[in-house]
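Novice: Below are the chains, spelled out letter by letter.
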Amino acid sequence: QKEVEQNSGPLSVPEGAIASLNCTYSDRGSQSFFWYRQYSGKSPELIMFIYSNGDKEDGRFTAQLNKASQYVSLLIRDSQPSDSATYLCAVKNTGTASKLTFGTGTRLQVTL
Amino acid sequence: SAVISQKPSRDICQRGTSLTIQCQVDSQVTMMFWYRQQPGQSLTLIATANQGSEATYESGFVIDKFPISRPNLTFSTLTVSNMSPEDSSIYLCSVRTDTQYFGPGTRLTVL
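Going line by line, the protein sequences match chains A and B.
Residue numbering for the first sequence follows our numbering, beginning at 3 and increasing consecutively.
Residue numbering for the second sequence follows our numbering, beginning at 770 and increasing consecutively.
Source of the hints: derived by calculation from the structure; they are not laboratory data.
Every residue, glycine too, gets a C-beta built ideally from N, C-alpha and C.
Treat each hint with caution, since some may be false.
Unchecked claim - Subject to a maximum C-alpha distance of 20 Å in a straight line, what follows is the list of computed SDA-like cross-link-like pairs (lysine to any residue): (1) A:Lys94 / B:Gln791; (2) A:Lys44 / B:Pro873; (3) A:Lys101 / B:Arg839; (4) A:Lys94 / B:Arg865; (5) A:Lys44 / B:Phe830; (6) A:Lys44 / B:Tyr870; (7) A:Lys94 / B:Asn819; (8) A:Lys101 / B:Thr825; (9) A:Lys101 / B:Glu823; (10) A:Lys101 / A:Gln72; (11) A:Lys94 / B:Arg839; (12) A:Lys94 / B:Thr825; (13) A:Lys101 / B:Asp867; (14) A:Lys44 / B:Pro808; (15) A:Lys94 / A:Asn24; (16) A:Lys101 / B:Ser822; (17) A:Lys101 / B:Gln797; (18) A:Lys69 / A:Thr26; (19) A:Lys44 / B:Asp780; (20) A:Lys94 / B:Gln810; (21) A:Lys101 / B:Tyr826; (22) A:Lys101 / B:Thr813; (23) A:Lys94 / B:Thr868; (24) A:Lys101 / B:Val798; (25) B:Lys776 / B:Gln791; (26) A:Lys44 / B:Ile859; (27) A:Lys101 / B:Gln810; (28) A:Lys101 / B:Phe835; (29) A:Lys101 / B:Thr868; (30) A:Lys101 / B:Ser770; (31) A:Lys101 / B:Leu842; (32) A:Lys94 / B:Met800; (33) A:Lys94 / B:Tyr870; (34) A:Lys44 / B:Thr813; (35) A:Lys101 / B:Thr866; (36) A:Lys44 / B:Gln797.
As the list claims (entries may be wrong) - Simulated restraints, written as ranges between beta carbons of each label pair: (37) B:Gln807 / A:Glu7: 14 to 22 Å; (38) B:Glu855 / A:Asp29: 27 to 35 Å; (39) B:Gly785 / A:Gln82: 40 to 48 Å; (40) A:Gly61 / B:Gly809: 23 to 31 Å.
Take the sequences, apply the hints, and build the full model.
Specialist: See below:
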């Protein structure tokens, strides 16, 4: 079982719709969760992080964490073509102070 | 935040040669990380570069193949040694301050 799992996609949503990106993780003791966006040929950039169960909102982005289900998601409201990218879920594991483990990413396509 | 630069941005190398990638940060950071991202794959941590001590390598990566230097708190190098086509990848430097930031990457192609 992979430590961090994401559906590779592509996930296609029309402009203006809500995009829902999902991530599951295997280490029940994981404490910190991150969403990065990576445009083709570019390096990852941090969108959001979440530590506590529940929702965290930042502009059009909402991160949702359910530690009991070992599940974290990212919602993008009012999706724009510029949101088309690969979204990487990353988990900070217990027992290793600074290591981030990344999922394989979900490719999002926002269509006109 | 942190601004990270890497050199070179890309290179094409011959099998059997070595390439050293440089990473410069605009502020002092305790820990720097080197990641690899192979085509179509996610990021895999190669090693953590600690200033004043040996780098800590992840499973599957060894110092002889990926020697790392960390002479001060703003700079690190990663060498990819005795390269083969399987080493073709993007190599990313990363640092953690308030959160984790990535450099622009070095795109390496080995022929």
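Novice: Hint by hint, say whether it matches the structure.
Specialist: Evaluation of the provided hints:
| no. | hint | verdict |
| --- | --- | --- |
| 1 | A:Lys94 / B:Gln791 | violated, 26 Å |
| 2 | A:Lys44 / B:Pro873 | holds, 7 Å |
| 3 | A:Lys101 / B:Arg839 | holds, 18 Å |
| 4 | A:Lys94 / B:Arg865 | holds, 12 Å |
| 5 | A:Lys44 / B:Phe830 | violated, 24 Å |
| 6 | A:Lys44 / B:Tyr870 | holds, 13 Å |
| 7 | A:Lys94 / B:Asn819 | holds, 18 Å |
| 8 | A:Lys101 / B:Thr825 | holds, 11 Å |
| 9 | A:Lys101 / B:Glu823 | holds, 17 Å |
| 10 | A:Lys101 / A:Gln72 | holds, 18 Å |
| 11 | A:Lys94 / B:Arg839 | violated, 23 Å |
| 12 | A:Lys94 / B:Thr825 | holds, 17 Å |
| 13 | A:Lys101 / B:Asp867 | holds, 14 Å |
| 14 | A:Lys44 / B:Pro808 | holds, 13 Å |
| 15 | A:Lys94 / A:Asn24 | holds, 17 Å |
| 16 | A:Lys101 / B:Ser822 | holds, 17 Å |
| 17 | A:Lys101 / B:Gln797 | holds, 19 Å |
| 18 | A:Lys69 / A:Thr26 | holds, 10 Å |
| 19 | A:Lys44 / B:Asp780 | holds, 16 Å |
| 20 | A:Lys94 / B:Gln810 | holds, 19 Å |
| 21 | A:Lys101 / B:Tyr826 | holds, 11 Å |
| 22 | A:Lys101 / B:Thr813 | holds, 11 Å |
| 23 | A:Lys94 / B:Thr868 | holds, 11 Å |
| 24 | A:Lys101 / B:Val798 | holds, 15 Å |
| 25 | B:Lys776 / B:Gln791 | holds, 5 Å |
| 26 | A:Lys44 / B:Ile859 | holds, 10 Å |
| 27 | A:Lys101 / B:Gln810 | holds, 18 Å |
| 28 | A:Lys101 / B:Phe835 | holds, 18 Å |
| 29 | A:Lys101 / B:Thr868 | holds, 12 Å |
| 30 | A:Lys101 / B:Ser770 | holds, 18 Å |
| 31 | A:Lys101 / B:Leu842 | holds, 19 Å |
| 32 | A:Lys94 / B:Met800 | holds, 15 Å |
| 33 | A:Lys94 / B:Tyr870 | holds, 14 Å |
| 34 | A:Lys44 / B:Thr813 | holds, 16 Å |
| 35 | A:Lys101 / B:Thr866 | holds, 13 Å |
| 36 | A:Lys44 / B:Gln797 | violated, 24 Å |
| 37 | B:Gln807 / A:Glu7: 14 to 22 Å | holds, 18 Å |
| 38 | B:Glu855 / A:Asp29: 27 to 35 Å | holds, 29 Å |
| 39 | B:Gly785 / A:Gln82: 40 to 48 Å | holds, 46 Å |
| 40 | A:Gly61 / B:Gly809: 23 to 31 Å | holds, 29 Å |
Hint compliance for this structure: hints 1, 5, 11, 36 are not met, and every other hint is.
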